[in-house]
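What follows is each chain in one-letter form.
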Amino acid sequence: MARSVLLVDDEPNIVLSLEFLMRQAGYAVRVARDGDAALKAIEEEPPELVLLDVMMPKRDGFDVCQTVRANPAWKDVRIVLLTAKGRDIEREKGMALGADDYITKPFSTREVMQKLRQMLPPES
Amino acid sequence: MLIPSIILAAAFLYLCLLFAIAYWGDKRADAGRSLVANPYIYALSIAVYCTAWTFYGSVGRAAASGIDFLTIYLGPTLVFVLCWAVLRKILRISKANRITSIADFISARYGKTQVLGGLVTVIAVVGIVPYISLQLKAVSASFNVLIHYPQIVMPSAVSTVPLLQDTALYVALVLAIFSILFGTRHIDASEHHEGMVAAIAFESVVKLVAFLTVGVFVTFGLYGGFGDLFDKAMESADFARLLTATPSSTFGNWMTLMALSMAAIICLPRQWHVIVVENVDEKHIDKAAWLFPLYLLLINIFVLPIAVAGLMEFRGQQADADTFVLALPMLARQEGVALFAFIGGLSAATGMVIVETVALSTMLCNDLVMPVLLRLKWLRLTERKDLGRLLLGIRRGGIVFVVLLSYLYFRLIGESYALVTIGLVSFAAAAQFAPAIIGGIFWKTANRWGAFIGLGLGFLLWFYTLLLPSFVRSGWLDETLLTAGPWGLALLRPQALFGLAGLDPLSHALFWTMLVNIGAYVAVSLVTRQSAIERIQAASFVDVYRRAEAGQRFWRGTATVADLESLLVRFIGAARASQELAEYAARRNLNLGKMREADAELVQHAERLLAGAIGTASARVMVASVAKGETVSLDEVMAILDEASQIIEYSRRLEQKSQELEVASSELRAANVRLKELDRMKDDFISTVSHELRTPLTSIRSFSEILHDNPNIDPAQRSQFLGIIVKESERLTRLINQILDLAKMEAGRMDWQIERLELKEVVDDALAVTRGLFAERDIRLEVDIPAGLPKIEYDRDRLIQVIVNLLSNAVKFCDPVHGRVAIDAAVEGPGLEGGAVRVSVHDNGAGVALADRARLFERFQQIGNTMTDKPQGTGLGLAICRQIVERFGGRIWVDSEPGRGAVFSFLIPSSPAKAQAAQ
Amino acid sequence: MRQGLRGERLVALFILAWLAFHPPIVTLFGVSATVMGLPVLYLYLFAAWLCVIVLTGLVVGRGDAGGPDGPGETARGEREG
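Chain order of the listed sequences is A, B and C. When we follow the numbering used here, the leftmost residue of the first sequence carries the number 1, and every step to the right adds one. When we follow the numbering used here, the leftmost residue of the second sequence carries the number 1001, and every step to the right adds one. When we follow the numbering used here, the leftmost residue of the third sequence carries the number 2001, and every step to the right adds one.
The hints are simulated quantities; they were obtained by calculation from the structure and are not laboratory data. We treat Cβ as the ideally placed atom computed from N, Cα and C, and that holds for glycine. Check before you lean on any hint, since a few could be wrong.
[As the list claims (entries may be wrong)] Just a few of them, taken from the derived set where beta-carbon distance is under 8 Å, the chain B residues facing chain A:
| id | residue |
| --- | --- |
| 1 | F1511 |
| 2 | T1698 |
| 3 | E1705 |
| 4 | L1707 |
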């Protein structure tokens, strides 16, 4: 069974590109366009990994991250934050909130996919 | 009946009664139920002004020169009218400084100068001794007249009696004992002698009643009332002259007597003592202001009738008018009235002698003897315990000294003068103090040298023009001194100095003494400088109402509490000292036991307490002896704090400055808050800009990499991805342009191409740019630009940019299904010069909530719509619009009814150049 | 202000009394006549004197409760400007 990834971003083009790449790599990808949708998707079926944009309207990525980490049932869900805010303080905040990794925009798709493969090797 | 033993017994009984009253008064005072703490006793005690001179001498003077005896009593009345301005101020000052005598007052005012106090004391003793001797003479004379009853023998006919048979000596000794017993019972920091005051008040009642009795008896007993008496007198031209003689012939003399009596009521040591030192409550002066003059009026009503009656009864006889008060009842065989008159005269004399000797001995002790003794280092006085006993001893000695000196004067000189003349010589001496006192409480510049030289010269001239002639009269000096002048120099004749003849001796003396006294006082004060302590004292005296207690906190030395206490113990006794200190501590909430160093206020307080016992000048020396370090080094302080008014001015300015500082610092705080806010906004801006830039960059990079890494991607997808790359590149370019535009505009570096524009053309151009957008989304557009709008001067491209921005915004946010956008324009504000043009863009979208309207025009403040979609646009469009519109004084705003669309409008003045000039 | 008023009244009274007790006003009454058996000068001086005393009492004391300087004055009696 394919490894499940939830991709959360409000920027349609970024979603489009990452979704394309992850499907190509053999992941089961679901997409959410904001924080609320992300939490709903996680409740329906917890993914193994969440690629989570930080700056989103309404509920932001930090909030989602915190909510996920607060629920012991989802302790195995790994979270990788995506952000366009490159400041160190944001990164530290994200890690403190329980994110597993942190990727700064603009990122290289190669780098993202490599990190994804390391954390969640797709089943061959 | 009137045999000597009875007379003596009556006098003795009277004096016993006086002792009893004084004793009772002191007992009541000790028990805390003061007998004298009321204005009536106070007013009566001031009536010590009426001495034997009044009692016997007024009649004598009236018999000689008519009505002008009244001047001696009208003068004090005038002064008491002014009590509010003068007496009350002196009282306030004296209480604040614990003044014990007139010498103390003057020395304290002029920098606590001991020499000045000493000079005042010398003048007072020399000047007043004749006056005391006058009282002794009056008692002695009246006794001698009375014992010859029923014969009427004038005192001048009585040969000089041997010393030991002289009643005056015994009277003097009894009075000295009385003064010692009730005037120096203990050293009191407040210097109140309640028993003595009670006795004096009683004496005032006795002498008034006695005189009125004689007057009533003469007027209504010997004659049939005023009318009868005066009618009979008017029959004789001589007596009529007395009753109607106006002072016109003796104009100068009248003025002189008024001036002297006005000065005397304050400056005589005994008057100072009862008015100032013995005063227990400042408010008592209010009642005394009319009670005391009333007393004077009453005691004078019968003076003229008695004088006239005496003259008529003793017509043709060699009668001494000074004895009429006694002689008339004796003539009528009224023994009781005569005896009562004698007692009245006795009371007038004794009251005066008692108070005067106490006042003089206090001055002698505090301002002459103690300062000298304290200076004699070999006496080691400053180390002695219990100086209180020494003080009492000095004062008692002083009383005996003054009384004996007066007796001596009486024996040697007194016989040659009438009562009134002696009294006036003393008045003239006391009047020398007036310039220094009155000047001292109203004129700050007056200084110690002015006072010293003025007093000294005045005293010398007084001695030369008044006292010396009295020595001549008594035969001590050769008559030629008066007639030819010393060494034959006519210009220096004591009673016609520098050829000033034609005045009576008294006016002559008053003129010269006051001329040199006031002249030197003013001139020297003006040309010499005050020391620091003089300035402090001057200010604290003159500004006494303003400064109250705070006057003297200029102490920089240090003294231990223990030293101060032991100093106080030595002068005022252990019980008083510890009581005073305990009261002080209780008032200030201090624990003196724990304080080692005395603070300035305590030092000041101790000095004031001491001043009550030994005078201000000596007190200062004593306190300085236990204080270490600088005692008074005040010049720097005083340079700033020259006058009380300046202090107030400074503190007012300080307050103002500190208020200004407060305002400035609160402005600074506000500015700081704004700066922080701006800094935060800048941070946010950079962070937002970087986010806005990174997002399209990320897309471009991602798709480029996908296309690069996947050459085999299907063509449809490839073209989709390439399209995204192109679009995102455009977005990036637009964003960068806008950021640059905004930055340039905010920094004021934008090039503005101002030209005259037809608004319709501009709107058309904008519509041409956006036509595609409307077509794409199928949105209906209504344009309503009326013809004939005024031309506007603006940058064409920028204006198009604004309208395009508003139109594309409207497209983005209008109803997605039945989209409708309208643009219209109108002239606004006809009152404005050249008018202004408003352009509005209406949409039928969701509208803008009230709270969001203002920040809509801030950078990156996009209002998310209800959909989860990220709002389109860069978030800079409206901010740029605002920059463009406001550049030349225009305005941009939004009106909206949520749910029914929004109206974005902007207003620009049609002539921005002028509008800009108006800014 | 009332304190000042009281001071001014007393100064005025002082000037009035000064004039009344000095030549030439005193001289005016130096005539050889009597009123009710009393010499005019004698009568004048004592009457003027009594007037001054009464006026002083009215201005200074509390006897002026009905006057404009009226009640409540003692409370303010402590200070002078």
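- Message: Can you verify the interface hint for B/L1707: is its Cβ closer than 8 Å to any Cβ in chain A?
- Response: 10 Å, violated
- Query: Going by Cβ atoms only, is B/E1705 closer than 8 Å to chain A?
  - Reply: The hint holds - B/E1705 has a Cβ within 8 Å of chain A, the shortest such distance being about 4 Å.
- Message: Take the shortest C-beta to C-beta distance between B/F1511 and chain A; is it under 8 Å?
- Response: 99 Å, violated
- Query: Given B/T1698 was flagged as interface, is its beta-carbon under 8 Å from a beta-carbon of chain A?
  - Reply: 4 Å, holds
Comparing the model with each numbered hint stated earlier shows that hints 1 and 4 do not hold.
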